[in-house]
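Under the working numbering, the first residue of the sequence shown is numbered 49, with each subsequent residue one higher.
Hints may contain errors.
[Unchecked claim] So the derived label-pair ranges between C-beta atoms look like this: (1) 199 <-> 105: 26 to 34 Å; (2) 106 <-> 171: 42 to 50 Å; (3) 171 <-> 68: 48 to 56 Å; (4) 174 <-> 64: 57 to 65 Å; (5) 87 <-> 133: 43 to 51 Å; (6) 181 <-> 134: 43 to 51 Å; (7) 171 <-> 71: 29 to 37 Å; (8) 70 <-> 98: 42 to 50 Å.
Calculated from the structure, these hints are not laboratory results.
All values derive from a computational prediction rather than experimental measurement.
Where is the CB? At the ideal position from N, CA and C, for every residue including glycine.
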Amino acid sequence: MAGGGGKPETASMSSMLASLFVRLRAVLRVFSTPPMPRAWVELRCARRLDRLAGRLQRMHARIARMQDHLTGAAASGGPASDADGALRRMLAGLRAELARMRCDLALWHVRECRGECGTRLAAALARLNRIAVDTHAAAQKLEAELEARAR
């Protein structure tokens, strides 16, 4: 031992510890970010889509109120709204965003879910799509009426 016999043991011990730490780190990396169950991920996605659908539903209600106000103003001979065209441009922008959102959702569904999903996520996607189509149609109708009034 005193003649240097301890040095090779120390080197082999240190290499064993180093390899042990490398393997331990690799194992810990696997456990640090466990994959989430598909059903849980789909539930989270469905909840997010439901919140987005709620916001779109509220936007649709606002458009309907504007439409009712515009129709009521026409019956009473009120002034034409949107003389500068700002509301029409906003509605056109909303329609473009809705179309883009629907395309993005379809691409996401194909890429991430490979076109397959559970019933909860499928229902949320269908509901959001339906509300987006209805909101798009309401915005287009209001935009057309504002355009007709501007002439």
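A quick look at each hint next to the structure:
| no. | hint | result |
| --- | --- | --- |
| 1 | 199 <-> 105: 26 to 34 Å | 32 Å, holds |
| 2 | 106 <-> 171: 42 to 50 Å | 20 Å, violated |
| 3 | 171 <-> 68: 48 to 56 Å | 50 Å, holds |
| 4 | 174 <-> 64: 57 to 65 Å | 58 Å, holds |
| 5 | 87 <-> 133: 43 to 51 Å | 48 Å, holds |
| 6 | 181 <-> 134: 43 to 51 Å | 25 Å, violated |
| 7 | 171 <-> 71: 29 to 37 Å | 45 Å, violated |
| 8 | 70 <-> 98: 42 to 50 Å | 45 Å, holds |
The structure fails hints 2, 6, 7 (numbered hints given earlier, in ascending order).
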